[in-house]
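There are 2 protein chains.
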Amino acid sequence: MRQRIIIALDAMGGDHAPGSVLQGANLAIERFPEVDFILFGIENELRPHLALLPKLASRSSITHTNEVVSGDAKPSQALRSGRRSSMRLAIDAVAEGRADCVVSGGNTGALMAMAKMALRMLPGIDRPAMASSFPTMRGESVMLDLGANVECDAENLVQFALMGDVFARTVLGRTRPLIGLLNIGSEELKGNDAVRGASARLQQPGFPLHFHGFVEGTDITAGTVDVIVTDGFTGNVALKTAEGTVELMTEFTRAAFRYSLLARIGYLFSKGALAKLRERLDPRAYNGAVFLGLDGIAVKSHGSADAVGFANAIGVAVDMKINGFLEKMRQGIAALASSGSLMEKPQSASL
Amino acid sequence: MRQRIIIALDAMGGDHAPGSVLQGANLAIERFPEVDFILFGIENELRPHLALLPKLASRSSITHTNEVVSGDAKPSQALRSGRRSSMRLAIDAVAEGRADCVVSGGNTGALMAMAKMALRMLPGIDRPAMASSFPTMRGESVMLDLGANVECDAENLVQFALMGDVFARTVLGRTRPLIGLLNIGSEELKGNDAVRGASARLQQPGFPLHFHGFVEGTDITAGTVDVIVTDGFTGNVALKTAEGTVELMTEFTRAAFRYSLLARIGYLFSKGALAKLRERLDPRAYNGAVFLGLDGIAVKSHGSADAVGFANAIGVAVDMKINGFLEKMRQGIAALASSGSLMEKPQSASL
Numbered sequence: 001m002r003q004r005i006i007i008a009l010d011a012m013g014g015d016h017a018p019g020s021v022l023q024g025a026n027l028a029i030e031r032f033p034e035v036d037f038i039l040f041g042i043e044n045e046l047r048p049h050l051a052l053l054p055k056l057a058s059r060s061s062i063t064h065t066n067e068v069v070s071g072d073a074k075p076s077q078a079l080r081s082g083r084r085s086s087m088r089l090a091i092d093a094v095a096e097g098r099a100d101c102v103v104s105g106g107n108t109g110a111l112m113a114m115a116k117m118a119l120r121m122l123p124g125i126d127r128p129a130m131a132s133s134f135p136t137m138r139g140e141s142v143m144l145d146l147g148a149n150v151e152c153d154a155e156n157l158v159q160f161a162l163m164g165d166v167f168a169r170t171v172l173g174r175t176r177p178l179i180g181l182l183n184i185g186s187e188e189l190k191g192n193d194a195v196r197g198a199s200a201r202l203q204q205p206g207f208p209l210h211f212h213g214f215v216e217g218t219d220i221t222a223g224t225v226d227v228i229v230t231d232g233f234t235g236n237v238a239l240k241t242a243e244g245t246v247e248l249m250t251e252f253t254r255a256a257f258r259y260s261l262l263a264r265i266g267y268l269f270s271k272g273a274l275a276k277l278r279e280r281l282d283p284r285a286y287n288g289a290v291f292l293g294l295d296g297i298a299v300k301s302h303g304s305a306d307a308v309g310f311a312n313a314i315g316v317a318v319d320m321k322i323n324g325f326l327e328k329m330r331q332g333i334a335a336l337a338s339s340g341s342l343m344e345k346p347q348s349a350s351l
Numbered sequence: 001m002r003q004r005i006i007i008a009l010d011a012m013g014g015d016h017a018p019g020s021v022l023q024g025a026n027l028a029i030e031r032f033p034e035v036d037f038i039l040f041g042i043e044n045e046l047r048p049h050l051a052l053l054p055k056l057a058s059r060s061s062i063t064h065t066n067e068v069v070s071g072d073a074k075p076s077q078a079l080r081s082g083r084r085s086s087m088r089l090a091i092d093a094v095a096e097g098r099a100d101c102v103v104s105g106g107n108t109g110a111l112m113a114m115a116k117m118a119l120r121m122l123p124g125i126d127r128p129a130m131a132s133s134f135p136t137m138r139g140e141s142v143m144l145d146l147g148a149n150v151e152c153d154a155e156n157l158v159q160f161a162l163m164g165d166v167f168a169r170t171v172l173g174r175t176r177p178l179i180g181l182l183n184i185g186s187e188e189l190k191g192n193d194a195v196r197g198a199s200a201r202l203q204q205p206g207f208p209l210h211f212h213g214f215v216e217g218t219d220i221t222a223g224t225v226d227v228i229v230t231d232g233f234t235g236n237v238a239l240k241t242a243e244g245t246v247e248l249m250t251e252f253t254r255a256a257f258r259y260s261l262l263a264r265i266g267y268l269f270s271k272g273a274l275a276k277l278r279e280r281l282d283p284r285a286y287n288g289a290v291f292l293g294l295d296g297i298a299v300k301s302h303g304s305a306d307a308v309g310f311a312n313a314i315g316v317a318v319d320m321k322i323n324g325f326l327e328k329m330r331q332g333i334a335a336l337a338s339s340g341s342l343m344e345k346p347q348s349a350s351l
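Residue numbers (our numbering), protein chains in the order written: chain A, 1 to 351; chain B, 1 to 351.
FYI, nobody ran anything at the bench for these hints, they're computed from the structure.
Certain hints may be false.
Treat identical chains as interchangeable: a pair holds within one or across any two.
What the hints assert, rightly or not - Here are the computed lysine to aspartate or glutamate pairs in the EDC-like style, where the Cα-Cα straight-line distance is at most 16 Å:
1. K190 to D72
2. K74 to E34
3. K328 to D295
4. K55 to E34
5. K74 to E187
6. K190 to D282
7. K271 to E30
8. K321 to D36
9. K55 to D36
10. K271 to D153
11. K55 to E30
12. K328 to D306
13. K321 to E34
14. K190 to E43
15. K190 to E67
16. K116 to E34
17. K74 to D193
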């Protein structure tokens, strides 16, 4: 029998919660027979939905709470006054070992602050990072940090490289992920101290990651590497710029097809092709930003995600659990530490 | 009679120089009857092209030099040993008042370093910035810095805002450009010290620019503002991420149309529409990154640009000259200085 996986689900987090969240959980249950849920939220609001989702109802328990972290709550505020919120109770279930992963579509800053506080960092990791996979010319890659850390030093970036490596192995199925450091040119001398310092460290002989070198913005979607490492400011801007550019091109394409009668006819023939295109770029398929570096699995869904999007976010959490993300992180940290100590200890056989 | 404009053209700068450069100049001459050229380069190589472009030949003079800055020369190297290069001589022509603008498709770093050295900064501006316009949902906007300054403080960003404002007025034809500061969220507390400091300054009562506030990556292509202000690291990554995303979607669209017979038929009908789409996103239309903040007009073309691209880069230089970019910059700096001094001098009528 396969190992059971218990997901602590913040049923109140998301623009259309709890409906979209519970429908997503129901989809996930069909895809992952090994998953059970603990649903955190206002019981009176969950019950009517569960009545329509008998499969999910049979594989879930409810932990009732009336408190919900609002979308505009500041992280510090949520930490202080959100201790009985559905989000916090879901995180606590993971911290206390009653669940394997927490998934929430609620307030990102609050989720990050609470998860960091309750789950704590993995020993050897200084800061958590947000990561997400995205489509490229050659399949999928992962980028981090996407906004958790506005300023990063070289050591943070090296740790992000490790986290990205383990994510690419456990979620994207890469055997030896290729790591790239985002910069404004591929030459050694380009960039700020943080990227130059991280590059020097990642190039050390014996360093246990597969480092490609610097990459540029165009390499993100080209799929030049499996893991794009950057600070949270740049990563957030890059991700949102890519999203905006997809929207722009979609709108321009639509406008082009409205342009003439011939184009309108072409559109009718091309509908299937365009649907295929939308599918390849479907943001729902890339839903689920992960907080890496914590001693626990925490996945953030887009607040606006529908059932399919939520199911995919749950899927990321399941992949991380099944494929031993936390165990592999511990092994990676140990390998990093031993390579690091080799680096700092000069070879002085003559003494 | 209209004022004559003299362009100092680095005829040797670009992947297909001098052919593409001279063909571009020839196109520009048809579009701008007031333009004359000084062509800097290897005379023996220019003559055969000019023989085929009699119109350009009649409106150009050649300043011969055998030296060309190579594409991989470091800026410091170009500064030291490139004093007789076509690029440097073209810049010197502007510095010495023999030409109004310099246009080059050569080595970006060398061009920036030489232009800064020979043209000097406008008094009141600390650092030059690279700017370029790009297509959005609502027309065109301009973003800066695109890579000249890896690290920027609040004062640099405020100066970039001024340069972007003047560019949007003189090249994009905006009467009162809306300025946005690129950040990872629109809340006051987000971001690093530089963006928060710049935001505080731009919000001061009486500040002579039209400040929208923080914008995010998605706002770049949405056209939320006319001017996107950011540091050179983030701006460079954002620009290249957008370019990469356009390439990804173009490739995905192509693949979608190859997907089925129906789609192939649809493609035939849609060819015109897709050509229209390509035209709206044509990078040649947005060729010409400008170095702002210098006491002279210097435009960098993409090295890979064809004749149409080069003509557009020349067009940007012409627009800046005709619409008085440098004069408006001086006025803007004066307005900034007087608003700044008002700010620092507390109202102390009682003394």
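Evaluation of the provided hints:
no. : hint         : verdict
1   : K190 to D72  : between (38 Å within a copy, 13 Å between copies)
2   : K74 to E34   : neither (36 Å within a copy, 58 Å between copies)
3   : K328 to D295 : within (12 Å within a copy, 56 Å between copies)
4   : K55 to E34   : within (13 Å within a copy, 76 Å between copies)
5   : K74 to E187  : between (40 Å within a copy, 10 Å between copies)
6   : K190 to D282 : neither (34 Å within a copy, 29 Å between copies)
7   : K271 to E30  : neither (30 Å within a copy, 42 Å between copies)
8   : K321 to D36  : within (13 Å within a copy, 68 Å between copies)
9   : K55 to D36   : within (11 Å within a copy, 77 Å between copies)
10  : K271 to D153 : neither (48 Å within a copy, 49 Å between copies)
11  : K55 to E30   : within (9 Å within a copy, 72 Å between copies)
12  : K328 to D306 : neither (31 Å within a copy, 50 Å between copies)
13  : K321 to E34  : within (11 Å within a copy, 69 Å between copies)
14  : K190 to E43  : neither (55 Å within a copy, 35 Å between copies)
15  : K190 to E67  : neither (49 Å within a copy, 26 Å between copies)
16  : K116 to E34  : neither (27 Å within a copy, 64 Å between copies)
17  : K74 to D193  : neither (31 Å within a copy, 19 Å between copies)
In summary, the structure is inconsistent with hints 2, 6, 7, 10, 12, 14, 15, 16 and 17 from the numbered list given earlier, while agreeing with the others.
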